[in-house]
Amino acid sequence: MIEYKKPNTKEEFKKNFKEKKPLMNKTEALVESSKCLFCYDPPCMKACPTKIDIPLFIKQIHTGNVYGAAQTIYKSNWLGNACAVVCPTGVLCEGSCVYTKEDILPVQIGRLQHFATQYIIGNRLKTFEQGFDIQKKVAIIGAGPAGIACACELKTIGYKVDIFETKSAPSGLISHGIAPYKISNEDALFEVEFLKNQLNFNIFYNEKINSKQQIMDLESKYDAIFIGVGIGSTANLNISGENLNNVIGAVEWIEKLRKQEHQTTIGENVIVLGGGNTAMDAATESAKLGAKNVVLAYRGSKEDMKAYPFEYELAVSCGVDGLFYAQPIEILGKEKVEGVRFKNTLNQEEFIINCDFLIKATGQAKHLELFSLIDNLTIDDRKKIKVNQDTFQTTNPKYFAGGDAVNGGSEVVNAAFEGKMAGIGIHNFLKNK
Amino acid sequence: MIDISVNFAGIKAPNPFWLASAPPTNSGYQIMKAFDAGWGGAVWKTLGLPTINVSSRYGSINYRDTRMAGFSNIELISDRPLEDNLREMQEVKKYYPNHAVIASLMVDTRQEWETIIKEVQDAGADGIELNFGCPHGMCERGMGSAVGQEPEVLKTIVGWVMAAAKIPVITKLSPNISHITDPGLAAVQGGTNAISLINTVKSIVGIDLDTFAPYPIVDGSGTNGGYCGPAVKPIALHMLKELAQHRQINKVPICGIGGIETWRDVVEFILLGATSVQVCTAVMHYGFGIVREMEAGLKGFMEQRSFDTIYDFAGRALPKVTEWKNLNLKYSVKANIDREKCIGCQLCYIACDDGAHQAIKLSENSEDRIPSVIEDNCVGCNLCSLVCPVENCISMQRKDDKSEHLTWDMLTQKNEIPNTFNDERAGGKGHHVPSVEEAWNKRENI
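Chains as they are written, first to last, in my numbering: chain A, 1 to 433; chain B, 1001 to 1446.
These are calculated hints, taken from the structure and not from any lab test. Among the clues, some could well be false.
Simulated coverage check for chain A against chain B, where a stretch passes if three residues somewhere in it have a Cβ under 8 Å from a Cβ of chain B [what the hints assert, rightly or not]: (1) 40-47; (2) 217-224.
List time: in silico SDA-like cross-link candidates among lysine to any residue, alpha-carbon distance up to 25 Å [unchecked claim]: (3) B/Lys1361 to A/Asp53; (4) A/Lys51 to B/Ser1366; (5) B/Lys1399 to B/Lys1429; (6) A/Lys101 to B/Glu1364; (7) A/Lys35 to B/Glu1261; (8) A/Lys26 to B/Arg1067; (9) A/Lys46 to B/Asp1354; (10) A/Lys101 to B/Ser1363; (11) B/Lys1402 to B/Arg1316; (12) A/Lys51 to A/Glu349; (13) B/Lys1361 to A/Leu37; (14) A/Lys59 to A/Ala47; (15) A/Lys26 to B/Arg1064; (16) A/Lys59 to B/Asp1210; (17) B/Lys1442 to B/Asn1365.
Note that beta-carbon positions come from the ideal geometry of N, C-alpha and C, so glycine has one too.
Generate coordinates for the entire structure from the input sequences, incorporating the hints supplied.
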């Protein structure tokens, strides 16, 4: 049974969806930063996909050099602010903090990082310099974290960078795919605005690249092209009833939620299909949006789910019920969804659960159409773009790629890392040309 | 039955916890509050000549998230009218006849000393403390540490006081001197009944990085202050020991002052020979209530060790504090890391490798973050055990067979001290040091 009251106003929505990792105040940052032991060869830094020098930035916060702390963070990660709040720190930096070995709560690295990055973003402090103009141009497809990171890296070196974005706003999944209690729309957009103002890359919105002509144009105008398109819309389950009203993909629904907030449509009895982090988010969000009952249905066991345990626990704490070994075989209903017929994957027995809203978080389709327009681009059997793991260059040397399109769907921090590495890869490729 | 009452040079008090002459003893109101909270005595904020105080008086050192690990002040002696202080002193003594009220005094001429001594005696003070310590302000007028730093002058003034005083006199010493035994001896020779130490250490507590002015800032400038608080305790303990081991000085009781905040601090001062203690900074930080912890801790310690009075263990550490030349050169400890307790911060490794003797190595297995000790290289310096953040994880274990006792002094007497570095008996001979060439080659590989 869900305890959240349905939010009817923006304020009520904000209350239900309040940030899980609020911004620290100065005193809290002082106390928390004093906890860091300054470990040698620090495990937190090793656990960070972007290898931020965490003990250094924490020491800098502690000594009142918050600006320097932010510089340390951005030196490794161009999405330092977003990652501070959306990273699953419990399984990355904070999860490896040596304090946990002694059953002591780890240093709150994510929130300290947020404290430092908000300091420069909030105060609009000049932090980055464009490199000396080297008269070469790079096109970036997709303004998500991988594309932004790649653009920033290239701009600091001195390239001219144009980003082409299908949607009307930047940040990719940070602004429309992540739960609002992890990062606010404002936070997501401010960081990109901040970077863009200082590094001066262009973003062309509502520019979907989906024709051979566009690809040929890009190839003729730019010296290299970075593909940071992420993964696409929710894939079909290929069972009957998918077209009924109130059946929606999780990605699409979360995007709506981020835009429409308390005005987002939700039912009273919601089923969420899936066992990944997106499914957990969708279930938690349904509960916070005032659904009376939310069932999270997964075809395997609880342990089989790809979601982080803490995300499942969050959903459960919001009143979501887990249903395991439940494979959907038919979506029932006349015009609107009325229920789902499941098969128990252990004993093959069928059963029906009624609902008036169904969210599918069962995987996303890849941007195969786009990939097929590019010559010599190798796609692996899991529909991911094949790249060199050091340079992020694809099998077509002019193209580089990073983020979900390459890793199949991972964290923002992975995309930020890959985008940055691809920027370096592009420079190494172009500098001798 | 545990009895923590004291008789300090004739000054009786229900316990050895006294407030030092400082802002917490500025008024009768504060001192009464302190006695109710559990303090056994109070040294009234120094009475003397009229002064004017500045605004902005204190500065501090914060360490990590700890405030006031060190504390500095440029406040002068009491600026309240003498009559008010004397009247309140009399009232306090009336309400608290069994608590010790000691008048701290600082004046200039012999006449002034004689007058003020009579006044505080008439007010009912149990004792007098001579403030020869303030290292700021008053010393510029020839008082405070200006006296404490001139043993002959100090002796003379103590002599004036002793000739006039009918109640016990404590001489409070300044630590701002090379040999604390010089003013200590002068005080005893002048006839003092007791000594208290240390007063504050002359200091600059910090510089404001925006204005370049020293703290505390008074309209853009500052001056040296008197440093105190937990940071000065080791200096105080050493000076206490110097006096307590001195055969001519230790005839008089010593009151320990300097960074005392907990029962452990109190016990340490008593073990080094103090038979009462004075506290200021801890009270300025936490209020009078801090004495509860001191009293409970002291009593618990005494109960556990079966000490009935503080005199049962006062000075018991003194025989253990000796000169370096008397330490056993054959005693050998080596570090041991408890693999069960280690949390893998590797601070011991880097501390030893960068800051000591390269006697700790990392595991060759990168998954295993537990370092190990290279016993042959370990000189038993303790550094790793000091930086280790886990209680009892790194211990120093005795490795010699306890059969030999050899000191530098013994070697000197036998004429066996090494005279050249090539001498087999020289200490550094055979100690492992990584080769420079190897280090260079490794560096090039980076």
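Quick rundown of the hints versus the structure:
Using a Cβ-Cβ cut-off of 8 Å, 3 residues of the segment 40-47 of chain A lie near chain B, which meets the minimum of three, so the contact claim holds. Using a Cβ-Cβ cut-off of 8 Å, 0 residues of the segment 217-224 of chain A lie near chain B, which falls short of the minimum of three, so the contact claim is violated. With a C-alpha separation of about 23 Å, the suggested pair B/Lys1361 and A/Asp53 falls inside the 25 Å cut-off, and the hint holds. Annotation: proposed proximity of A/Lys51 to B/Ser1366 holds, straight-line Cα distance about 17 Å (limit 25 Å).
With a C-alpha separation of about 19 Å, the suggested pairing of B/Lys1399 with B/Lys1429 holds against the 25 Å cut-off. Among the hinted pairs, A/Lys101 with B/Glu1364 is consistent with the structure: their alpha-carbon atoms are about 20 Å apart, no more than 25 Å. Between A/Lys35 and B/Glu1261, the direct Cα distance comes to roughly 23 Å. Compliance with the 25 Å bound is thereby established for this hinted pair. For the suggested pair A/Lys26 and B/Arg1067, the alpha carbons sit about 15 Å apart, so the restraint of at most 25 Å is met.
Distance hint between A/Lys46 and B/Asp1354 is fulfilled; the C-alpha atoms sit about 22 Å from each other, no more than 25 Å. With a C-alpha separation of about 17 Å, the suggested pair A/Lys101 and B/Ser1363 falls inside the 25 Å cut-off, and the hint holds. Restraint check for B/Lys1402 and B/Arg1316: satisfied, since their Cα atoms lie roughly 24 Å apart, inside the 25 Å limit. For the given pair, A/Lys51 sits about 49 Å from A/Glu349 by alpha-carbon distance, which is inconsistent with the 25 Å threshold.
Note on B/Lys1361 and A/Leu37: the hinted pairing holds, with a Cα-Cα distance of about 19 Å set against a maximum of 25 Å. Between A/Lys59 and A/Ala47, the direct Cα distance comes to roughly 19 Å. Compliance with the 25 Å bound is thereby established for this hinted pair. For the given pair, A/Lys26 sits about 14 Å from B/Arg1064 by alpha-carbon distance, which is consistent with the 25 Å threshold. As the CA atoms of A/Lys59 and B/Asp1210 are separated by approximately 21 Å, the hinted pair is consistent with the 25 Å bound.
A distance of roughly 19 Å separates the Cα atoms of B/Lys1442 and B/Asn1365; the hinted pair therefore holds under the 25 Å criterion.
Of the numbered hints stated above, those contradicted by the structure are hints 2 and 12, listed in ascending order.
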